[in-house]
Amino acid sequence: MQFILTMLQGGVKEIISYLSAHVITCLVPAFFIAGAMAVLVTKGAVIKYFGSQAKRWVAYGVASVSGMLLAVCSCTILPLFAGIYNLGAGLGPAITFLYSGPAINILAIALTGAAIGWHMGIARGVGAVLFSIIIGIIMSLLFRKDEQKRLGDIESLPEERSEKSGIFLILFFGVMVAILIISTSKLAPWIKIALDLSLINSLAIMVHHYFVEGEFRSWMEETWSLVKLVVPTLLVGVFLVGMVTAVLPPEWISSYVGENTLGANFAASLIGALFYFSTLTEVPIVKGLMDLGMNQGPALALLLAGPAVSIPNLLVINRIMGFKRTAAYFILVVVMATLTGWLYGYFFA
Amino acid sequence: MKIEVLGTGCAKCNQLEKDVYNALAELDIAAEVTKVKDISKIMAYKVMVTPALVIDGEVKTAGRLPRKEELHKYIKGE
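Chains L and G supply the protein sequences, listed in that same order. For the first sequence, the positions run 1 to 349 when this note's numbering is used. For the second sequence, the positions run 1001 to 1078 when this note's numbering is used.
In short, the hints are calculated from the structure, not lab data. Yeah, the Cβ is synthetic: ideal placement off N, Cα and C, and Gly gets one too. Among the hints, a few may not be true.
What the hints assert, rightly or not - Below, in silico cross-link-like pairs of lysine to aspartate or glutamate (EDC-like), each with a Cα-Cα straight-line distance of 16 Å or less:
1. G:K1068 to L:E215
2. G:K1076 to G:E1032
3. G:K1068 to G:E1032
4. G:K1046 to G:D1028
5. G:K1068 to L:D196
6. G:K1012 to L:E221
7. G:K1068 to G:D1028
8. G:K1076 to G:D1019
9. G:K1018 to G:E1032
10. G:K1068 to L:E251
To be verified - Facing chain L, from chain G, some residues (calculated, C-beta under 8 Å):
11. N1014
12. N1022
13. L1024
14. T1034
15. V1036
16. I1039
17. G1063
18. R1067
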């Protein structure tokens, strides 16, 4: 009885810590940013850089960062991955996209930063971008002899929405990122509120003058559908982590992954690669483990390998590109996550 | 008429399927609606972003939910 009570208490405590001001103030703007990206960034504009005609280095560069604009959950990543592989720039850029996508979307970085710490949020983003390119290039070198026959080129469809100029998009998203940064900063509350209000005001002016009919509504709908998609599973994840960590002896964690050794990093990335994490739940899991004494290096390894690969998504990838490439990808992810975590722990932790 | 909704099971793909059924009911048009979840079949339509709407083999939209009037227009074949 006592045992169950401790677990429930742990779960509730963990939920409360996530409902605290600094996580909320960070996640709320992040949801609005992600919603606006889905509505305003025309996907066709990004996708044309993935075409079979695109220059290789451009395709790698765009693939490594475009997850930020395109993808929040793995259900949008897999079709895009298959598309780049079958119709577009081919194996290397497809792999680059697959690896970096889940790690660098705005929600993942914002939550990692707010819940665990900004150094970890940034390390995760930078690590994912750099290593996604390296893994992509290694994959395309390994399999350069049997590049697969393309099914054709990407169908380009007319987009319904009006195109916004690049300057407008930079300003618009810049203001929203500024709100996110100010809200999570350590400024005095009244300064934060004053700055945020004036920024929100300028957003309202932009929306009023430049949005076409229905765009504002789609933005709000998109934001809300993301909230509905992410928040329930995230809260369940947080609760479960709280329950488990309340009764898990810290010595277990510290004896396996308490030090920044290659072995600990390998264990963390292998576990991360095999388990399935629902969108963003990798963050509370890693935070829970770190509270119990997990070293920063293995924590980063787990964050990097976790969302990029899991058994269910390996099965889909296997259907798309076959066993040999899937196995090579899996091994590369585990090795790269291990090395990145280890280097990070060595230099920064 | 054959309507296909391409999607791997994300929230918006299910929404598109619902929207299609609603539109058919409202317009009182009969059509065969199928949901295509298999990723290699989705690729055969050269679509990279889901949800996508395919009517009689022709891709109408991809990567977004069409507005109601737009959806009605496609279904009526205008």
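Hints, one by one, checked against the model:
1. G:K1068 to L:E215: Roughly 14 Å between the alpha carbons, so the hint for K1068 of chain G and E215 of chain L holds.
2. G:K1076 to G:E1032: 14 Å, holds
3. G:K1068 to G:E1032: 19 Å, violated
4. G:K1046 to G:D1028: 30 Å, violated
5. G:K1068 to L:D196: 35 Å, violated
6. G:K1012 to L:E221: Satisfied, since the Cα-Cα distance of roughly 11 Å is no more than 16 Å.
7. G:K1068 to G:D1028: 15 Å, holds
8. G:K1076 to G:D1019: 14 Å, holds
9. G:K1018 to G:E1032: 14 Å, holds
10. G:K1068 to L:E251: 58 Å, violated
11. N1014: At about 11 Å, which exceeds the 8 Å cut-off, the nearest Cβ of chain L leaves the hint on N1014 of chain G violated.
12. N1022: Because about 16 Å separates N1022 of chain G from the closest Cβ in chain L, which is outside the 8 Å limit, the hint is violated.
13. L1024: Since the shortest Cβ distance to chain L is 21 Å, the answer is violated.
14. T1034: 17 Å, violated
15. V1036: 11 Å, violated
16. I1039: 5 Å, holds
17. G1063: Given a least distance of 5 Å, the restraint on G1063 of chain G holds.
18. R1067: 7 Å, holds
Hints 3, 4, 5, 10, 11, 12, 13, 14, 15, counting from the list given before, are not met by this structure.
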